[in-house]
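Please construct the entire structure, taking both the sequences and the accompanying hints into account.
2 protein chains.
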Amino acid sequence: MRTGIKKRKFTTTGTARENEAIKTGSKYVKCGNPVEYLCLEAGGLLTIRVVAKNHVKPEKVQKFMGLCRNLVEATLKEEGCIDYGLHQELENSGILTFLEEWEDESSLGKHLNSNHFREIFPLLSECLEKETEVNIYRRSL
Amino acid sequence: MRTGIKKRKFTTTGTARENEAIKTGSKYVKCGNPVEYLCLEAGGLLTIRVVAKNHVKPEKVQKFMGLCRNLVEATLKEEGCIDYGLHQELENSGILTFLEEWEDESSLGKHLNSNHFREIFPLLSECLEKETEVNIYRRSL
Chain S
1 MRTGIKKRKF TTTGTARENE AIKTGSKYVK CGNPVEYLCL EAGGLLTIRV VAKNHVKPEK
61 VQKFMGLCRN LVEATLKEEG CIDYGLHQEL ENSGILTFLE EWEDESSLGK HLNSNHFREI
121 FPLLSECLEK ETEVNIYRRS L
Chain R
1001 MRTGIKKRKF TTTGTARENE AIKTGSKYVK CGNPVEYLCL EAGGLLTIRV VAKNHVKPEK
1061 VQKFMGLCRN LVEATLKEEG CIDYGLHQEL ENSGILTFLE EWEDESSLGK HLNSNHFREI
1121 FPLLSECLEK ETEVNIYRRS L
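Note that the protein sequences, when read in sequence, are chains S and R. So the first sequence is residues 1 to 141, counted in our numbering. So the second sequence is residues 1001 to 1141, counted in our numbering.
Honestly, the hints are just simulated from the structure, not real lab data. Treat the hints loosely; a few may be bogus.
What the hints assert, rightly or not - Derived DEER-like restraints, expressed as beta-carbon distance ranges:
id, chain 1, residue 1, chain 2, residue 2, range
1, R, Arg1118, S, Asn115, 44 to 52 Å
2, S, Glu119, R, Gly1066, 40 to 48 Å
3, R, Arg1069, S, Gly66, 36 to 44 Å
4, S, Asn92, R, Ser1125, 20 to 28 Å
5, S, Arg138, R, Glu1129, 17 to 25 Å
6, S, Asn70, R, Arg1069, 37 to 45 Å
7, S, Arg138, R, Ile1120, 19 to 27 Å
8, R, Ser1125, S, Ser106, 32 to 40 Å
9, S, Lys57, R, Glu1079, 35 to 43 Å
10, S, Ala52, R, Glu1079, 29 to 37 Å
11, R, Pro1122, S, Glu126, 23 to 31 Å
Stated by the list, open to error - Below, in silico cross-link-like pairs of lysine-lysine (DSSO-like), each with a Cα-Cα straight-line distance of 30 Å or less:
id, chain 1, residue 1, chain 2, residue 2
12, R, Lys1110, S, Lys130
13, R, Lys1053, R, Lys1063
14, R, Lys1063, S, Lys63
15, S, Lys77, R, Lys1053
16, R, Lys1057, R, Lys1130
17, S, Lys77, R, Lys1063
18, R, Lys1130, R, Lys1063
19, S, Lys110, R, Lys1060
20, S, Lys110, S, Lys77
21, R, Lys1077, S, Lys110
22, R, Lys1053, S, Lys57
23, R, Lys1053, R, Lys1130
24, S, Lys130, S, Lys53
25, R, Lys1110, R, Lys1057
26, R, Lys1063, R, Lys1110
27, R, Lys1110, R, Lys1060
28, R, Lys1060, R, Lys1077
29, R, Lys1063, S, Lys57
30, S, Lys130, S, Lys77
31, S, Lys130, S, Lys57
32, S, Lys57, S, Lys110
33, S, Lys53, R, Lys1077
34, R, Lys1130, S, Lys130
35, R, Lys1130, R, Lys1110
36, S, Lys57, R, Lys1130
37, S, Lys53, R, Lys1060
38, R, Lys1053, S, Lys60
39, R, Lys1057, S, Lys53
40, R, Lys1063, S, Lys53
Don't be surprised by glycine CBs; every beta carbon is placed ideally from N, CA and C.
Right, here's the structure in full:
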């Protein structure tokens, strides 16, 4: 359940919405009849973005991806999870990176303490050439 | 203009939509009367995600962010740009990272050849402690 996606209705014109969406970095969609503008706060200024970059041993790439399947599915259902996915580098298939978006730091903290994360973490670590590089960000622009 | 956000209408139930959204990694919203389900392909399996991580000299952080303001605004208007923003690391304010999402590699290529990118790139480079680390990804899970 993507509970992290907040919806906000607008009453002004499409152009004004586009300008606001560009300014705040949020996404919006136009739908319904009469027209409603819904602003999705995902990608907004207040969310937390995580980049967790893994250098996976060449012979362990398939195992690593298999282990991640249940983790991704369970995490996407978490309260406060806006987006969470495993991404493969185009030029180096051994670089597998989680790109994550959370409503706030508290949601991220709960994820790191969840059973599905804590159980799989040591198994994932066994597949790595070196420790995962983790950076946690907030949007500036 | 967020032209990269594709909308797709659904006719099945909310639960089925949630399951599909989780499976494909795409976002969806429910709106209108009668209810319509709109799937946003942003965050989907086929987009290109870029992580461009900059280590900025401490005394140049404000200058770097100022230079990036016009770049972010111009890039968000580009055809094929789904999301583009500058993010600051919570524990190290000198790490400033572009997190980007593009419809395809061709859109990214056009961005890298755009005047607003080519003109600002050398100015940004002068603010850095070392070369920008760039990784280009496609979603696996």
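Hints, one by one, checked against the model:
1. R:Arg1118 with S:Asn115: 44 to 52 Å: holds, 49 Å
2. S:Glu119 with R:Gly1066: 40 to 48 Å: holds, 45 Å
3. R:Arg1069 with S:Gly66: 36 to 44 Å: holds, 43 Å
4. S:Asn92 with R:Ser1125: 20 to 28 Å: holds, 24 Å
5. S:Arg138 with R:Glu1129: 17 to 25 Å: With Cβ atoms ~21 Å apart, the hint holds.
6. S:Asn70 with R:Arg1069: 37 to 45 Å: Since the Cβ atoms of Asn70 (chain S) and Arg1069 (chain R) sit about 41 Å apart, the hinted range of 37 to 45 Å holds.
7. S:Arg138 with R:Ile1120: 19 to 27 Å: Between Arg138 (chain S) and Ile1120 (chain R), where Cβ atoms are some 22 Å apart, the hint holds.
8. R:Ser1125 with S:Ser106: 32 to 40 Å: holds, 37 Å
9. S:Lys57 with R:Glu1079: 35 to 43 Å: Given a distance of about 39 Å, which is inside 35 to 43 Å, the answer is holds.
10. S:Ala52 with R:Glu1079: 29 to 37 Å: This hint holds: roughly 31 Å between Cβ atoms.
11. R:Pro1122 with S:Glu126: 23 to 31 Å: Violated, at about 43 Å.
12. R:Lys1110 with S:Lys130: With a Cα-Cα distance of about 35 Å, the restraint between Lys1110 (chain R) and Lys130 (chain S) is violated, given a limit of 30 Å.
13. R:Lys1053 with R:Lys1063: holds, 17 Å
14. R:Lys1063 with S:Lys63: violated, 44 Å
15. S:Lys77 with R:Lys1053: Within the cut-off at roughly 29 Å; holds.
16. R:Lys1057 with R:Lys1130: holds, 9 Å
17. S:Lys77 with R:Lys1063: Distance ~40 Å between Lys77 (chain S) and Lys1063 (chain R) Cα, so the pair is violated.
18. R:Lys1130 with R:Lys1063: Answer holds: Lys1130 (chain R) to Lys1063 (chain R) is near 16 Å, not above 30 Å.
19. S:Lys110 with R:Lys1060: violated, 35 Å
20. S:Lys110 with S:Lys77: holds, 13 Å
21. R:Lys1077 with S:Lys110: Violated, because 36 Å separates the two Cα atoms, which is more than 30 Å.
22. R:Lys1053 with S:Lys57: Holds, at about 23 Å.
23. R:Lys1053 with R:Lys1130: holds, 10 Å
24. S:Lys130 with S:Lys53: holds, 10 Å
25. R:Lys1110 with R:Lys1057: OK: Lys1110 (chain R) and Lys1057 (chain R) at ~29 Å, within 30 Å.
26. R:Lys1063 with R:Lys1110: holds, 26 Å
27. R:Lys1110 with R:Lys1060: holds, 28 Å
28. R:Lys1060 with R:Lys1077: holds, 27 Å
29. R:Lys1063 with S:Lys57: Outside the cut-off at roughly 40 Å; violated.
30. S:Lys130 with S:Lys77: holds, 29 Å
31. S:Lys130 with S:Lys57: holds, 9 Å
32. S:Lys57 with S:Lys110: holds, 29 Å
33. S:Lys53 with R:Lys1077: Roughly 29 Å separates the two Cα atoms, so the pair holds.
34. R:Lys1130 with S:Lys130: holds, 22 Å
35. R:Lys1130 with R:Lys1110: holds, 25 Å
36. S:Lys57 with R:Lys1130: This hinted pair holds, its Cα atoms lying about 27 Å apart.
37. S:Lys53 with R:Lys1060: Roughly 26 Å separates the two Cα atoms, so the pair holds.
38. R:Lys1053 with S:Lys60: Distance of about 26 Å is within 30 Å: holds.
39. R:Lys1057 with S:Lys53: Given that 30 Å is the threshold and the Cα spacing comes to 23 Å, the pair holds.
40. R:Lys1063 with S:Lys53: Satisfied, since the Cα-Cα distance of roughly 28 Å is no more than 30 Å.
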